[in-house]
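Spelled out, the chains give:
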Amino acid sequence: MAMTYTSREQIEVYRFNVPVAIGVPLAAIFLQAFVPLRLPWFSIFDLPLLVVIFFAMARRSPVAVLLTGAIIGLVQDSLTHYPLGVYGISKTVVGYGASSLGVKLDAESVPTRLLITTGFYVVHQVIYFTIARGLVGLNLHWSWPRELLAAVVNAILAVFLFALMDRLKQRA
Amino acid sequence: MGRYRNVSILAAAIFFQVVGLAVQIKRRTEDDSTRLIRVWTVNAVTPFEKGIVWLQSGTSGIWHNYIYLRGVRQQNRDLQQQIQQMQLEQVRLRQDAQQARRLQSLLGFKEQFINKTVAAQVIGSSGSEQSRLVYIDKGSDEGIRNDMAVITANGVVGKVSNVINGSTSQVLLINDQNSGVGTILEQSRLQGVLKGKASGQLVLDKIMSEEEVKLGDQVLTSGGDQIFPKGLPVGTVSDVHRGSEFLQVTIKPAAALNHLEEVLVITQKLEREPSVAGSAQVRAADILAQRLPSVPDAPAGSPKNTNEAGTAAAGAKPLVKPAQTGIPASGATASAAPPKSKPQPESEDVAASGLANPRSAAPQSNTQAPPVSGTHLVPAAVPIKTPSSTQVTAASGQPKQTSPSKTSAIPGQSTNGSPAKVAPLKPPSVPPAKPAVSVTPPSSDTGEPTH
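Read top to bottom, the protein sequences are chains A and B. So the first sequence is numbered by my numbering: it starts at 1 and just counts up by one. So the second sequence is numbered by my numbering: it starts at 173 and just counts up by one.
This is chain A alone, in the form it adopts within the complex (with noise of 0.2 Å):
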């Protein structure tokens, strides 16, 4: 029997198969480090936030989507300078909020995606504004136009994205 990464709810709840459940992170992870490098406006996007936000909505299940939220943040935090954490905490309030919003909410279809995801963009980027400006003491620059044009974009990714690793869920 397969191991699962899977939550018990029962209506349109998928599951994960464990390599998939740390592997798309962690390519995330990998991909929003190196391919800045290379192309600088790729930094833009914040792939581990859309994976949160899948996992999420396909998942459907508050506590452990805040806790792979919590995992996701922490692990693209130690890849700064910054204390660990302020990822960590948006994530794992926006993962929270997916969820629950997940549940109430059509999540297959694009425009609601496009939605959820310039929604949660924005509030993630909220939460971590105000944790490293309020807690952390950094001089960080708000921009309204260029956080909304970065949902945005972040959204239209995640339409494609989404559709992508759509394949991957398995019916729980």
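Hints listed in this document are in silico derivations from the structure and should not be mistaken for laboratory results. Errors might be hidden in some of the hints.
Part of the chain B face toward chain A, derived, beta carbon under 8 Å [said to hold, decoys possible]:
#1 R210
#2 N215
#3 A216
#4 F220
#5 S303
#6 N337
On a predicted model such as this, the values are computed, not experimentally measured, just so you know. From the three backbone atoms N, C-alpha and C, an ideal C-beta is built for every residue, glycine too.
Fit chain B to the given chain A structure using the hints.
Relative to the frame of chain A, chain B by itself:
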């Protein structure tokens, strides 16, 4: 109770992370060691990055060095022409440099020399726009330690902020907001602290608003931060805004911080007084610049000294083959190859110091370019490439006679333990001679914020 289970877990998860965050922030000043989770993460991610970089550079090397050679002959001809022009200029610059060193010697200046550098490949980044740092494929095994300066031939890149393991280190870029570099403006000699902004811009801080700063003025390291040797290019002034108390000077970085591929970590610096006898020593910046370029190998028929001096040592492919690339060698010290006492300084002497004979490099040149040269121009257009596995050494001291096979083609590199040329770092001189040496007043570096 079960109704609030999810929210409780969420609250607990956030609580623990906030506590963890708070502990780290408090601890950071006391204990600067690398946390285990960072080591694990980097160890998990960097092997993939190293693999891809290796594959990429291998493929690129095969393509560019063996297949795509279109235009190489023309490029070679152009470079040869360029060398001849530069040799003419070199003669004049050498006089300037010698004069500058004599003056420095009279004034009892201390010069900083880059004694040893390690070439490294950039293999990853933080993946965050807020954290401007990169990872390099050299670590404690290569002698890398925290706070070592990281540069390219174009200019300053940053400093080593964390040595993760034996083969990986973290480099904080100069445009990160936690960075700070002691700098000096080349023209006005004003000193200031270069800092990064959240947006990634570089600004020069602490320059009084009544001072005059010109657009396009070169910014060099002042050496006051005790990390970067004096005289390394940092960037140019791209914008100046007059504030109430201080000027807001925006700097365009000299190094391509967004497209870093290879860098040099300065692992050892020396400080000593310049001597007139050593006035013909090559500058550190020149050695670095010479070491980095890697144009496609020149076609056969290069001067014979090339082969001797061009023998790569330590199994590393030579970064630069001065004669082959047509770059005239420079920096043979007077003691190593004085033109009068040794009228024919053959390649052994020169090769011992990792330098080729300029006369052999460009025999047609009517310029009497002696082997002793104080300065050296490196064409800016020469592409730069540095094998990551090569440890580059530009040590101080007198060059030893060694067999050509044991010497390196890389100017300033010594692989047999004998030190190569010393590279005094000085800012370029007054215009129009761009890379000339200028006499700098004794800078009061004390009190300048450190990096």
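Restraint outcome when B/F220 is required to lie within 8 Å of chain A by C-beta distance: holds (5 Å)
Using 8 Å as the Cβ threshold, decide whether B/S303 counts as touching chain A. It holds, given that the least Cβ distance between B/S303 and chain A is near 4 Å, below 8 Å.
With a cut-off of 8 Å, does the beta carbon of B/N215 approach a beta carbon of chain A closely enough for the hint to hold? violated (10 Å)
So, as I understand it, the hint says B/A216 touches chain A; can you test that by seeing if any CB pair is closer than 8 Å? holds (7 Å)
Should the hint that B/R210 touches chain A count as held when the rule is a Cβ pair under 8 Å? holds (5 Å)
For the hint on B/N337, just tell me whether its beta-carbon gets within less than 8 Å of chain A. violated (13 Å)
Hint compliance for this structure: hints 2, 6 are broken, all remaining hints hold.
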